[in-house]
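Trainee: Spelled out from the first residue to the last, the chains are:
Number of protein chains: 2
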Amino acid sequence: MENVLDFASVYCKQLDKRRSMTRHALKTSRSEDFATWYQEVITGADLAENANVRGCMVIKPYGYAIWERMQRILDDKFKELGHTNAYFPLFIPADLFEREAEHVAGFAKEMAIVTHHRLEQKDGKLVPAGELETPLAVRPTSEMIIGESMARWAKSYRDLPILLNQWCNVVRWEMRTRLFLRTAEFLWQEGHTAHETEDEARKEALQMHEVYKWFICDVLKIFGIPGKKPEYDKFAGAVDTFTVEAMMQDGKALQAATSHYLGQNFAKAVGIKFQGRDGSLQYAHTTSWGLSTRIIGGLIMSHSDDDGLNLPSAVAPYHVVIIPMIKNENSREIMEYCHKIKSMLPGSIRCFIDAKEYSAQNKKWDYVRKGIPFILEIGNKEVDTGDACITKRLTMEKQNMPLNEFVSSIEKMLADHDDLLHKSNSDFCNSRITQVSSYDELYAFFKSGKTGFVKAKWSGCASNLEKLDELAISIRCIPTEQSGTIGKCILTGANTTIDAIFAKSY
Amino acid sequence: MENVLDFASVYCKQLDKRRSMTRHALKTSRSEDFATWYQEVITGADLAENANVRGCMVIKPYGYAIWERMQRILDDKFKELGHTNAYFPLFIPADLFEREAEHVAGFAKEMAIVTHHRLEQKDGKLVPAGELETPLAVRPTSEMIIGESMARWAKSYRDLPILLNQWCNVVRWEMRTRLFLRTAEFLWQEGHTAHETEDEARKEALQMHEVYKWFICDVLKIFGIPGKKPEYDKFAGAVDTFTVEAMMQDGKALQAATSHYLGQNFAKAVGIKFQGRDGSLQYAHTTSWGLSTRIIGGLIMSHSDDDGLNLPSAVAPYHVVIIPMIKNENSREIMEYCHKIKSMLPGSIRCFIDAKEYSAQNKKWDYVRKGIPFILEIGNKEVDTGDACITKRLTMEKQNMPLNEFVSSIEKMLADHDDLLHKSNSDFCNSRITQVSSYDELYAFFKSGKTGFVKAKWSGCASNLEKLDELAISIRCIPTEQSGTIGKCILTGANTTIDAIFAKSY
Numbered sequence: 002m003e004n005v006l007d008f009a010s011v012y013c014k015q016l017d018k019r020r021s022m023t024r025h026a027l028k029t030s031r032s033e034d035f036a037t038w039y040q041e042v043i044t045g046a047d048l049a050e051n052a053n054v055r056g057c058m059v060i061k062p063y064g065y066a067i068w069e070r071m072q073r074i075l076d077d078k079f080k081e082l083g084h085t086n087a088y089f090p091l092f093i094p095a096d097l098f099e100r101e102a103e104h105v106a107g108f109a110k111e112m113a114i115v116t117h118h119r120l121e122q123k124d125g126k127l128v129p130a131g132e133l134e135t136p137l138a139v140r141p142t143s144e145m146i147i148g149e150s151m152a153r154w155a156k157s158y159r160d161l162p163i164l165l166n167q168w169c170n171v172v173r174w175e176m177r178t179r180l181f182l183r184t185a186e187f188l189w190q191e192g193h194t195a196h197e198t199e200d201e202a203r204k205e206a207l208q209m210h211e212v213y214k215w216f217i218c219d220v221l222k223i224f225g226i227p228g229k230k231p232e233y234d235k236f237a238g239a240v241d242t243f244t245v246e247a248m249m250q251d252g253k254a255l256q257a258a259t260s261h262y263l264g265q266n267f268a269k270a271v272g273i274k275f276q277g278r279d280g281s282l283q284y285a286h287t288t289s290w291g292l293s294t295r296i297i298g299g300l301i302m303s304h305s306d307d308d309g310l311n312l313p314s315a316v317a318p319y320h321v322v323i324i325p326m327i328k329n330e331n332s333r334e335i336m337e338y339c340h341k342i343k344s345m346l347p348g349s350i351r352c353f354i355d356a357k358e359y360s361a362q363n364k365k366w367d368y369v370r371k372g373i374p375f376i377l378e379i380g381n382k383e384v385d386t387g388d389a390c391i392t393k394r395l396t397m398e399k400q401n402m403p404l405n406e407f408v409s410s411i412e413k414m415l416a417d418h419d420d421l422l423h424k425s426n427s428d429f430c431n432s433r434i435t436q437v438s439s440y441d442e443l444y445a446f447f448k449s450g451k452t453g454f455v456k457a458k459w460s461g462c463a464s465n466l467e468k469l470d471e472l473a474i475s476i477r478c479i480p481t482e483q484s485g486t487i488g489k490c491i492l493t494g495a496n497t498t499i500d501a502i503f504a505k506s507y
Numbered sequence: 002m003e004n005v006l007d008f009a010s011v012y013c014k015q016l017d018k019r020r021s022m023t024r025h026a027l028k029t030s031r032s033e034d035f036a037t038w039y040q041e042v043i044t045g046a047d048l049a050e051n052a053n054v055r056g057c058m059v060i061k062p063y064g065y066a067i068w069e070r071m072q073r074i075l076d077d078k079f080k081e082l083g084h085t086n087a088y089f090p091l092f093i094p095a096d097l098f099e100r101e102a103e104h105v106a107g108f109a110k111e112m113a114i115v116t117h118h119r120l121e122q123k124d125g126k127l128v129p130a131g132e133l134e135t136p137l138a139v140r141p142t143s144e145m146i147i148g149e150s151m152a153r154w155a156k157s158y159r160d161l162p163i164l165l166n167q168w169c170n171v172v173r174w175e176m177r178t179r180l181f182l183r184t185a186e187f188l189w190q191e192g193h194t195a196h197e198t199e200d201e202a203r204k205e206a207l208q209m210h211e212v213y214k215w216f217i218c219d220v221l222k223i224f225g226i227p228g229k230k231p232e233y234d235k236f237a238g239a240v241d242t243f244t245v246e247a248m249m250q251d252g253k254a255l256q257a258a259t260s261h262y263l264g265q266n267f268a269k270a271v272g273i274k275f276q277g278r279d280g281s282l283q284y285a286h287t288t289s290w291g292l293s294t295r296i297i298g299g300l301i302m303s304h305s306d307d308d309g310l311n312l313p314s315a316v317a318p319y320h321v322v323i324i325p326m327i328k329n330e331n332s333r334e335i336m337e338y339c340h341k342i343k344s345m346l347p348g349s350i351r352c353f354i355d356a357k358e359y360s361a362q363n364k365k366w367d368y369v370r371k372g373i374p375f376i377l378e379i380g381n382k383e384v385d386t387g388d389a390c391i392t393k394r395l396t397m398e399k400q401n402m403p404l405n406e407f408v409s410s411i412e413k414m415l416a417d418h419d420d421l422l423h424k425s426n427s428d429f430c431n432s433r434i435t436q437v438s439s440y441d442e443l444y445a446f447f448k449s450g451k452t453g454f455v456k457a458k459w460s461g462c463a464s465n466l467e468k469l470d471e472l473a474i475s476i477r478c479i480p481t482e483q484s485g486t487i488g489k490c491i492l493t494g495a496n497t498t499i500d501a502i503f504a505k506s507y
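In order, the protein sequence lines correspond to chains A and B. Using our numbering, the first residue of the first sequence is number 2, and each one after it goes up by one. Using our numbering, the first residue of the second sequence is number 2, and each one after it goes up by one.
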């Protein structure tokens with residue numbers, strides 16, 4: 002486990018220096034067992050749990066509150082850019098799905114299929130009855146069903162562009178599942194647009210790729226490399242797929258959000274035809290782009306530490322929690338002081354008082370695990386001195402501060418919290434990008450147990466990819482930022498200018 | 002068609018008086034054919050359409066924008082009352098569903114059943130493959146699946162109440178479908194709560210019933226009678242079901258939203274047990290409550306007229322649309338004036354400028370059909386005089402007004418719009434509540450072709466209900482507001498104090 006110890010030394014210890022405590026709030030540390038730690042962060046923050054339905058998850062209130070914040074930010078941005086929300090059917094008839102050959106080949110193996118429309122008692126058991134003439138797939142994605150509507154709506158070039166988005170659930174029958182990262186059902190948004198020209202559609206696909214980059218890297222403070230997917234790893238049916246490949250703390254890549262230029266493939270499959278400016282009948286150029294609850298897994302694996310979750314302020318359900326340290330005789334004064342603090346905070350600060358009847362110490366650790374940026378413990382002492390006792394979640398520093406100072410500096414403190422979150426993560430990830438110039442170097446890197454992203458020259462063709470399978474790695478993307486230098490492809494030896502990112506992935 | 006002419010005389014003509022035009026914006030009037038008119042309102046306002054999937058609908062951007070407004074208002078209210086959102090699986094294993102006998106009996110006949118997890122090519126066709134061990138129902142409602150999670154979460158009375166809500170899609174395999182009113186898939190919110198005591202759970206069910214009454218009657222300005230469902234017509238598995246029965250313009254009732262006290266039925270079926278204050282193991286008392294996209298159908302049938310949709314300001318995607326009457330030579334001046342108007346409006350007013358290239362006259366009629374409260378036509382004349390030319394959608398009055406006056410009175414004008422919408426609808430509906438004291442009177446009322454709600458005494462027992470089937474009517478609810486007088490049940494002749502509402506329904 003050299004690799005994991007290595008990352009611990011860079012990242013964890015950097016924060017550990019600031020700690021005043023010795024124990025951690027989770028049983029398992031990242032360096033001991035990353036997968037178990039990930040599960041403990043989720044359980045400790047009460048984000049989600051496995052449902053008693055194969056492969057499905059329950060997103061619990063605290064996890065869902067994070068998703069709601071994400072939705073609000075993205076939704077506002079989509080609308081600002083002219084998109085409108087709509088809703089399309091959950092079910093896609095098998096014969097509609099079939100019309101785009103690559104698309105159906107990509108999804109047919111992992112779809113939930115509805116074949117009946119009721120349950121009937123038979124031999125004391127409920128069994129399916131009322132067989133459907135055409136089986137229905139539960140949508141794994143909606144290009145076909147939304148495209149079919151677009152085909153009805155787009156009659157003339159004047160009806161274009163059509164700029165749609167949908168927030169919904171989708172189902173992909175994954176055999177091995179993991180909370181947030183891979184579940185049979187998940188939530189997402191899927192944007193679908195239709196345009197008059199290739200140029201306009203390509204601009205849209207790139208614009209939404211930029212939106213995702215902004216959201217992932219600037220809003221969520223996740224380290225990500227934007228780029229293009231290799232030809233052989235595009236979305237099924239796309240011409241080009243753009244991705245943001247985020248680096249997790251174990252050095253693996255997470256495909257965080259993708260945007261696709263679909264060419265006229267789907268327009269031809271479902272008949273999105275319009276009368277152009279010259280009077281001729283033309284097929285539209287379409288795009289689609291999506292971001293799912295998977296990003297919550299990415300958020301967890303980017304910022305959490307051995308005490309649990311850490312959150313950027315934009316999606317933190319709460320910025321401040323106030324814990325009254327109540328002993329019977331003076332509870333009223335303490336509660337009044339807590340309410341006073343809450344009422345003095347700026348409107349942008351999301352704060353709540355936890356006055357539930359259980360141990361204040363347990364509460365504090367619960368909120369540490371939930372990643373609330375500032376935890377206030379308010380007891381007799383604070384009431385007497387007019388102070389606030391603050392624990393900064395990110396560094397676990399605890400300090401007393403006069404109330405007025407706390408109130409006037411909380412917005413700055415939250416900005417500092419975001420900066421530190423961002424800096425810690427980006428320093429860590431940047432230090433884990435390695436340049437290699439041959440397959441041997443690549444081999445040595447991954448076989449030595451090191452982790453992270455490796456940058457190397459690649460010809461762009463699909464030859465010799467089995468050399469990557471051997472290392473259980475893949476080409477994650479061709480980064481947007483290219484060096485422009487010429488070198489030899491580490492897989493084929495051919496001369497090429499293309500830089501590519503190689504890594505293990507989720 | 003006496004009944005329909007009758008309602009036209011009361012309601013339509015009241016508004017028609019104010020009209021300066023003679024033609025209407027829809028082909029079919031309410032008095033000619035209510036069902037066709039309903040469909041034309043939806044098409045004319047571009048709210049939704051039938052999908053090419055049996056029984057499913059596409060909610061188009063303008064229809065979805067109304068739903069989003071509804072969601073925001075309700076969601077804020079739910080949260081204000083302490084509920085949090087969460088997300089639970091779409092699929093319910095058949096054997097879980099089975100555990101509450103009444104519940105499964107109520108839903109088993111109309112469920113989409115997933116039996117396979119992929120599609121395979123066979124004889125040139127895609128067919129289901131990979132059969133599941135246990136068939137999965139696509140949720141028609143989530144009492145069982147959410148209850149199962151609650152059973153894991155509620156260990157002690159300290160963990161209660163659990164106050165959850167979920168915004169999601171549900172599927173009920175309806176054989177005869179109609180946009181918004183009855184579709185195989187629809188969108189809704191479903192609240193689910195678990196409590197320590199019966200008293201607390203009953204209070205919750207009634208509180209949410211009050212919230213629905215407020216939302217339907219005060220926010221949406223729909224006329225509705227709150228009350229309790231008859232025993233035989235409760236939600237499958239409930240102890241008590243509370244409803245708001247809204248009256249549509251054709252006099253039929255629409256069950257607009259329901260709230261259920263579920264007793265310990267579901268808690269026992271899924272095992273929601275907790276350690277009580279006395280240390281004993283107890284079953285929780287649960288509630289559930291839901292409102293769906295069906296309410297958009299109710300909104301349409303309450304307020305729309307022969308020109309199309311009308312909307313209360315709270316859920317209108319836009320309050321004001323500005324149409325530039327552009328001729329080539331002066332388009333810049335007109336556009337500048339339009340932007341000036343928009344920029345002067347108060348922040349609470351949702352306004353947009355439609356500068357698309359098509360006939361201004363067609364645009365105006367499009368927005369009439371979409372029910373935008375105020376339609377501004379801005380041409381040379383308005384630029385010269387500094388006026389705004391305003392059409393008030395509700396009365397179709399057209400007038401010129403100095404711009405400053407328009408800007409300073411728009412909020413008042415919108416409030417007047419809401420008042421008139423409310424008054425027109427409630428005057429109309431109140432005039433269509435008829436009191437009868439015998440079955441003969443009831444019979445004569447409905448057989449004469451009259452429509453509306455009929456109030457009469459009812460014993461509360463399920464005897465002689467076939468007498469209602471003959472008239473194609475049903476008991477809609479036992480209104481919360483009871484006269485307290487004693488009279489004879491019109492079905493059984495028994496003495497009773499109960500007042501009930503009889504009507505045809507959707």
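I should point out that these hints are in silico values taken from the structure, not numbers from a laboratory. Do not take every clue at face value.
As the list makes no split between identical chains, a pair holds if one copy fits it or if it spans any two.
Straight-line Cα separation of at most 25 angstroms, SDA-like style, residue types lysine to any residue; simulated pairs [what the hints assert, rightly or not]:
1) Lys156 <-> Asp200
2) Lys505 <-> Arg173
3) Lys456 <-> Asp279
4) Lys341 <-> Met414
5) Lys364 <-> Glu175
6) Lys110 <-> Asp77
A quick note: this is a predicted structure, and the numbers were derived from the prediction, not measured.
Trainee: Determine for every hint whether it applies to the structure shown.
Mentor: To see whether the hints hold, each was checked on the structure:
In this assembly of identical chains, the alpha carbons of Lys156 and Asp200 lie at most 25 angstroms apart only when taken from the same copy (20 angstroms versus 59 angstroms across copies). With identical chains, the CA atoms of Lys505 and Arg173 are at most 25 angstroms apart within one copy only, with a shortest distance of 22 angstroms there and 43 angstroms across copies. In this homomeric assembly, Lys456 and Asp279 never come within 25 angstroms of each other (Cα to Cα): the closest approach is 47 angstroms inside a single copy and 64 angstroms across copies. For the identical chains of this complex, Lys341 and Met414 are intra-copy neighbours only, at 20 angstroms inside a copy versus 40 angstroms across copies, given an alpha-carbon limit of 25 angstroms.
Taking CA atoms no more than 25 angstroms apart as the test, Lys364 paired with Glu175 passes in neither setting, with 37 angstroms inside one copy and 48 angstroms between copies. In this homomeric assembly, Lys110 and Asp77 never come within 25 angstroms of each other (Cα to Cα): the closest approach is 35 angstroms inside a single copy and 41 angstroms across copies.
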